[in-house]
Structures are given as C-alpha cells and as structure tokens.
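Please construct the entire structure, taking both the sequences and the accompanying hints into account.
Read top to bottom, the protein sequences are chains A and B. Letter 196 of the first sequence, counting from 1, is numbered 196 in my numbering, and no numbers are missing. Converting from the second sequence to my numbering requires adding 370 to each position, the first position being numbered 1.
If you're looking for bench data, these hints aren't it; they were derived computationally from the structure. Mixed in with the good hints there might be a few duds.
Said to hold, decoys possible - Just a sample of chain A residues kept apart from chain B, beta carbon distances all over 10 Å, derived:
#1 M23
#2 A87
#3 Q114
#4 A197
Claimed, not checked - Just some of the chain A residues that point at chain B, by a computed CB distance under 7 Å:
#5 R16
#6 G181
#7 W184
#8 G195
#9 I237
#10 G238
#11 S239
#12 L255
#13 G310
Note that this is a predicted model, so its numbers are computed, not measured. Note that beta-carbon positions come from the ideal geometry of N, C-alpha and C, so glycine has one too.
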Amino acid sequence: MNLIAAINRVFYILTRRLDGPLMVTIIVLAAISLTVVFSASGGDTFDRAAGQLRNFCVALVVMWIVANMSPLMLMRLAIPVFLVGLALLIGVAVFGETRNNARRWLNVGMAVIQPSEIMKIAMPLLLAWYFHKREEGLRLADYAIAGLLLVVPSALVMRQPDLGTAILIFSAGFFVIFLAGISWKILIAAAVAAGAAIPFIWPFLHDYQKQRVYTLLDPTTDPLGAGYHIIQSTIAIGSGGLLGKGWLAGSQAQLDFIPERSTDFIFAVYGEEFGLVGGLLLLALYLVIIGRGLMIAMNASTTFSRLLSGAVTLSFFTYAFVNMGMVTGILPVVGVPLPLMSYGGTAILSLFIGIGILMSVSTHKQLVAT
Amino acid sequence: MIGTIIRNRELEINVFRSRALFAGLVILIAFSAVAARLVYLQVIKRDHYHTLAEANRISLLPVVPNRGLILDRHNEVLAANYSAYTLEVMPSRVKNLDAMLEELNAIVEIQPRDKRRFKRLLEESKNFESLPIRNRLTEEEVARFAVNRYRFPGFEIRPRLFRNYPQGDVASHALGYIGRINDADLKRIEDADLSSNYRGTDHIGKLGIEGSYENELHGNTGTEQMEIDAGGRAMRSLATTAPVAGNNLTLTLDIKLQKVAEQLFGEGRGSIVAIEPATGEILALVSKPGFDPNLFVDGIDPQNWDLLNTSADRPLLNRALRGAYPPGSTLKPFLALSALESGKRTTQQSISDPGVFRLPGVAHYWNDDKPGGHGVVDMHKSIVISCDTYYYQLASETDIDDTAKFLRSLGFGTKTGIDIDGELEGILPSKQWKSNRFAKATSEARKWYVGDSISAGIGQGYNSFTPLQLAHATATIANDGVAMRPRLVRQITDAATGKIKSTAEADVNKATPLALKTENVAFIKAAMAAVTKDGTGARAFANAGYTSAGKTGTAQVYGVKRGEKYVAGRVTEKLRDHAWYIAYAPADKPTIALAVMVENGGFGGAAAAPIARAILDFYLLGKKPDITKIKPPENESDSRD
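Given below as structure tokens:
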C-alpha cells in the first residue's frame, strides 16, 4: 500500500505541472518527427533519429524544470537572462566564430554556443517583465523603451547575419508589445514607416538576402542556384498528392533532390511521403498547441504570465508558418526550422522551454492569484 | 485606488483578449493559406509535379547496339567490334575540370594528345553528354580508378565497343571507316529523323561500305530506364528495352584475291576492279595506296591526318571510283563494237595503214605508234595489234554523238550504280559536252572538230573514265552484252532474326540486256581473246594454262609533239603514261572480268597486263604470284600498245 502511495506521490510530483493537451500533442509531434527524420536520413541508419530522440529527451527534462518554476521565478530570471544573452550577442559580434560566412557562434570554453537562440526566450521574458512593472497605465514612452529593447538585440542578430533568427526574436518581442495593447494607430504608422523605409534598407541587405527575395518572386530564374531549393521542395510536396508516396518511398527525398531534408526542408519530405492528409494533420496539431497556448494566456492571472505565454504561443505559430510558407513556396527562403519536426537540438530545446513556460503559467495561476 | 487598478486590470485583460482573438484570426488565415497551398500543390497540380518528380528520378539511358560485322564472300572478317574500357566524364557535373584532370593524371595517364582531343570534343558536344577522355584503359588503370572513384564525381568507366579492321589497310577504300559524328553527320541524322536512334551513338560510317550501309550496320538503340539520384548516379535499373544489333554484311569481295591484287602494286599507285560478269559482284576493289581505317576510329590524330592529306600519292583518293583517266586503247574493242552495231564497219572491211593518218585538206597528221604502219588491217587485227590508224579513220567518219550514245549504254560517262557512294561519272565527250564544258569560251573553242573525234577515237582526247567503268563495261562484254549492276554487298544477315537477305535476288532485275547483236559481241570477244595469243597481251599471257581475253591500253598524260618519239625515260614519273589492261577469263565462260590501271606505269602490255595475269593466275589456278617478276622492265618495248 505504501509503495502504491509512494508511486502515486512520485507520479503526482512528476505530472502536476504538466498540461495534458500540450503533453499529448508534443508527444505525437515528436513521434512524427522521429519517423520523418529517419526517412530523411536515408531510411537505413538510426544515427539521426536516435540523435533526435536524445534531443527530445533532454528538452523534455528542461521543459519539466521550466514548468515547475513559478511565473514569479521566471520573472526574476528575466533581467539576468536578457543581460547574459545581450552580452553574449555583443561577444559574438566582437569575438565570434565565423562559419559559412556567418558570425553566429561563440566559444565559451566548454562548448560553442549560438547566443541568438537564448534571445528567442530572453526577449519576450524581458518585455513581459517590463510591461508587468508598468501595468498602471502605459504611455507612449514605455512603448518607445520597449521598442529599443526589441530592436538592439534583433539588429545584432541580423548583422551576424541570421535573418531567420532575427525575425523570430523580433516577432517574439513584438508580440509582447502587441498583446500589451499598443494602439493600432502607432502600429499602422510604424508599418507605413517600415514600408517606406524598404527602399532605403534595400541597398544594405546582403546579396544572398536580396537573391532570396528575387527567387521567391520567380524561382525559375535560378533553377540550379537559389531557386533549386524551392523548386525541388514544391515538386516533392506536389508529387506527394492526397495520400503521399508512403513512408521511405518519396523519390525526391530518398534520391537527395531535397536539400537540407532533415532540417529546414523536412516538411517537403513529410509532404511527399504523407501527402495532403499528413500536411493537414500537422497543421491541426500545431493549431492544438497554439489554441491551447492562447487559452492559457487568456486565463493567466498576471500581466507577465499573460504576455509571456501569449508571445510564446504566437512565436510558435511564427516558426511554423515561416517554415511551411518557405517550403511550399509562398514565403522567401529564411533559415527557420519546422517546430518540433526539424532535426536539431537547440531549436527543440528553445521550443520546449516555451512549452514549459506555457505549462508553468497554466498550472501556477491559483498560487499567484491568492 | 484599488478600484481603478481592478478596472485597469479588467480593461487590460479585455485588451489582451481582443488582441489574442485578433491574433488567433490571423493564425487561422495564415494556416488556411498554407492549407490552400497544399491543396493546390498536392491535388490540383499533383499530376504536374508527379511528372516533374519522375523526370527527376528516371533517366532514359540509351543502350547502343552492336554495329554489324562486315565479312568477305568467304566469311573472312573485315570489320568487327571489340569491347574496351573508356574513361568518360560528364562535364556538366564537374566543377573544376582542369584541376580534376590534373588530379586524375596520377591515376590514369592522360596524355596531352588525349587532352587536346577531349577539348575538341568538349567544344562540339551538347551539354549533358558523357565524353570519352581516355580510351582503352588497362586492367590496372581500371582497378586504380575504381578505388579512387569517390574522388572524381562525374567521371565514370564504361565498357565501350570499338570498331576494328583486322585486315588493316587491305580493301580500305571499299570498306571506308567509321569516325566520330560531326556537325554535318548530325544534321543528316536529324533530317532523316533518326536522332532518337543515334542517342548514345558517337560513331558513324563515313565512307565506303561503312558509310553507304550505315542504316543496315547501325542497328536499333535500346533504352534503359535508370533511377538516378540528385547527383546523377545510377541507383537501379527500372526497365530495359534491349538494343537490336546492326545487320551483318557479307561482301562480294574475295579478301584473298584483294590482298594479292594489292600486293601486286607494291608501293605504286593505281587501281584494280575485278567483277564476276554473270552477277556484277565485285571480287576485288583496289585503290593504291590505301590507308589504315583503324586510325579513324578514335578520331584520327592530327599528325596522321596531315600525312594522309598532304601525301603526293593521295592515299585517301578512291581511284577505283573517283579516279578518272583516259582509257587509251582499252576503249578500242568498245569503239569497234559501236561501229559494227551502227553499220559503219563490217568485220571484213580493211584499211591499209601507212603508219600515219591524214585528213584531206588538213595539215595536221596523226601518227600510228608503229613507224611504217601495220599494213593491211581489218577489224580483228585492229584490236589484236591495237592499230591506231584504223580507229583514226573510223573516228573521222563517225559522228561523235553516235559514239557517245553507244558508249553510254555500256556505262561510260554514267554512274555504274555501284552500291557505295561517291563514284564519278567520268567524261564521255560529245558535241553537247564540249559546248557545255567551254561555255565561257569563244564559239570557236566550243565547236567540235573532227580532230577532237580522231583523238577520242583511240581513247585519248577528252575521254576520261574510272577503272570501275572500264571493268563494268568489260564485264558486260564478257557477259554477252548483259550489264549487271556492280555491287559490293552480297548478303545482309538480319541480326535479330538471322534471316539472310540476298542482294542478288533484288538485283536480277537490275540486269540490263543491251540490244547488241550476238554475232557482233562474239566477234569482239574473239578479237579480245586473240590479243592474249597473238597480240599486245601475248607476252604477258604466254603459257597461262587457261584462256583469257583482254586489251592493253596506254593512256597519254604527256602530249607528245608531232614527230617526237615518246621515250619513257625522258619524262618525269608523274607525266609518264598510265598503263591499262582490261581482261576476262576464261575466255569461253568468263568467271572474272577486270580492269587494271597502273598510274604512270608506262606501257599497258608491260606494266598492267602482267598484273592482270597474276590476278587471273591466282583466281583461276590458285597460283600465288611471284611479285619480283611483275615489275615492268622500262623501255623494253617501243610499242605503246
């Protein structure tokens, strides 16, 4: 009897901070991810799939830890995490390692890390904290300061250059400001100003970034160069048809026609082998996470937890949309992985931290409310 | 204060909720856009993308058929194929070709000559073609490359079939050769709508049998459906349509006879065409000097090409078909037959030959080759001793156009219709021909003069015929006036079914019986037979052991001035007379007719007739010739015929 009670107790401690719907959905997604990564790595070696499984396991532990931290504790971490992240970003700009023509990595002795990944979480964390502190009536100046906190790290990341991550950091911060209630007038004015600025910014873009825009507008202009990715991925998805060619049976995937097929372009492999049905299932699973996230945010008891969980949820959507838009050819090619699907430890870790935050918010509200 | 905070909080929550709902709406719209895109790609355009994916995946590789073999009439191999390894490269798949070739050189020797040839191919090639860079790799090189293959993406070792001519330069002008397809060939292939059948084929017959029977020899290209990956590497074969090998050709040539005939020329220049009179089958087609067709198979290197092209002996000229020479006295039997057929002469009519021929009122006179003349000469004797004066007189009394019309019926001045391309028509002079030939000259120069007729009357003047034409006309006489189209291919063996198609059956209809009186032909044949007994061919055919008929000829290259005596030693070799001999044997029932032409050989009876004798000895008696005895003794005879 005692044993059963002990087991029950352990089970309770393990699961009390977890959110059921989110948990089920990410496990299903992880299973799909392992299946597709296995296929994308040729279907004859378990190296990548096993690596991905390990990524999920590590991320799951971190997620559990984050879920067990109260929003209050998260709030206390906001400033230190942001400052560390910012310092590291500046460190990258000064001492960073250059790989593939991009200065994104920093050698911190034990490991080589990519500080921009930290900013993906640090940014909404800090801005949510900032608006939480200013909750008695927000003035224009508050938005201006928030804007500054948003722009500096984003600009640093963009300079590396890493457009995809810069967009994700910027949008995560932007979602906080948006959800905090910045007036539509300011938003529209900023959007118009940004639009007007494009001709001035354009000359400062990198050639490869310009090329990506050109390529989006007409991929066939460069079928063997930049357009090759998009052409081959749309062929893969299109040829998958309604039900797909079957697991391990996608010719585009198995014969190497899809570039980056286990990372950024994994959706092409998935679309080819599992068809429209598979694609719609994935969209539905993402909608479950997003819907659940927004629900948690709307029911959150403090400004901080509300803004943070809302921004994390919308960031998750941004990941998914930018990637699927890119792979299906409706958005330009920016290096954004498909959430919880693409092979890669860092991305999965930051996503799971996000989900951990959602779970923390959803399971700690009574505590904070009292 | 608390109240306002709560109100603020409620307000804030309301703002948040409306913003979140707005965001939710945007999310739904965005995901709908993705879903719509998926429906568009995967449902509406699915077939389109399916086709593209299949095109990515499947590559139709041509499987080149084996080229048909060429055999002689006794199934001796004249052209065959052998398999050897070739190192090939797809230039489109290699980034830095020069650096790669450098690196490759350590494994498979690439000589500068290979590089030059490859550069030339590269310039001529279409984009995605695989080009040979080194042919005939050794086993060791193949093994070395196989180990290092991963270092050279785009490079591949392939077994390829190469053409081989085991007889070397023997019968080279009849066989022709194959060479790499050039732009002109490509255009011809496209015009004939054969492009798909030539995918993967990079050699084509250029000349002779190889050129003219290309359609029979090539065969049908098969296809192999290969699954390839993005790197172009073949993963597995999906389906194969087997190629159909080219048809084998059995020639009419007797390669042993051909070899003997070629040997008889030594280093000299000239031509022999030997024909089976009853069928038109060409037993030997010699044009010396020849060339080694093997040189052309891999693409001839510039050195050898220059050698062949610039040689004064012109080894690439097919003298049998494309060398036109004045026939000299070999034309006399045909001219005599013409006179009999037209009624200009009877066999009994005779002339008195004083050694010179004069026309009333013309200062110019024509010498017979024998000073003092041959005395009383009738038609029989005119052929046997080759009396010029007899033919001067005959020509002076005959309209050249009538002569031309008759000679044309025997194939002079027209194509014989031999089954390989390139034969010349030669020149059969007539009034019309001269007027056309000198179209730009004065009307005086375009007019036909009786003097023109007299020169033409002994096979000189404007007359110019190929050895093939002479042999064909001789064969027609030997075949009692039935002209058989000369041909080189006897049988075509269908490679797929093994069915043998005889060209003879189709060709029986090509036999053209000329409207000649039997007694006239018989008379000419008797006179030609007498040539070898009592006439200009008697010395060469002494103790032959078989009967034969023939006629000597000595064709002037160098115009001998009036009153001047031609002495062979006095003129340079290139201006020396061409020696001719036409013959058939056995005289009563001929199985072979031939024309021998020795370029600048001198006297027909001395230079050409012994060659004809040696050939007939070999063909009829199986006697191998003693080559040392054949070399004509210079200045031995003072008679030009």
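Do the hints match the structure? See the list:
1. M23: holds (21 Å)
2. A87: About 32 Å separates A87(A) from the closest Cβ of chain B, which puts it past 10 Å; holds.
3. Q114: holds (27 Å)
4. A197: holds (23 Å)
5. R16: Not OK, violated: R16(A) not within 7 Å of chain B, min 26 Å.
6. G181: Given a least distance of 4 Å, the restraint on G181(A) holds.
7. W184: The hint is violated - W184(A) has no Cβ within 7 Å of chain B, the shortest such distance being about 10 Å.
8. G195: Nearest chain B Cβ about 18 Å off; hint violated.
9. I237: Because about 5 Å separates I237(A) from the closest Cβ in chain B, which is inside the 7 Å limit, the hint holds.
10. G238: OK, holds: G238(A) within 7 Å of chain B, min 3 Å.
11. S239: With a minimum Cβ separation of about 4 Å from chain B (threshold 7 Å), the hint on S239(A) holds.
12. L255: Hint holds; L255(A) Cβ to chain B Cβ min 4 Å, cut 7 Å.
13. G310: Cβ of G310(A) sits 6 Å from chain B, so the hint holds.
In the structure shown, a violation is registered for the earlier hints numbered 5, 7 and 8, in ascending order.
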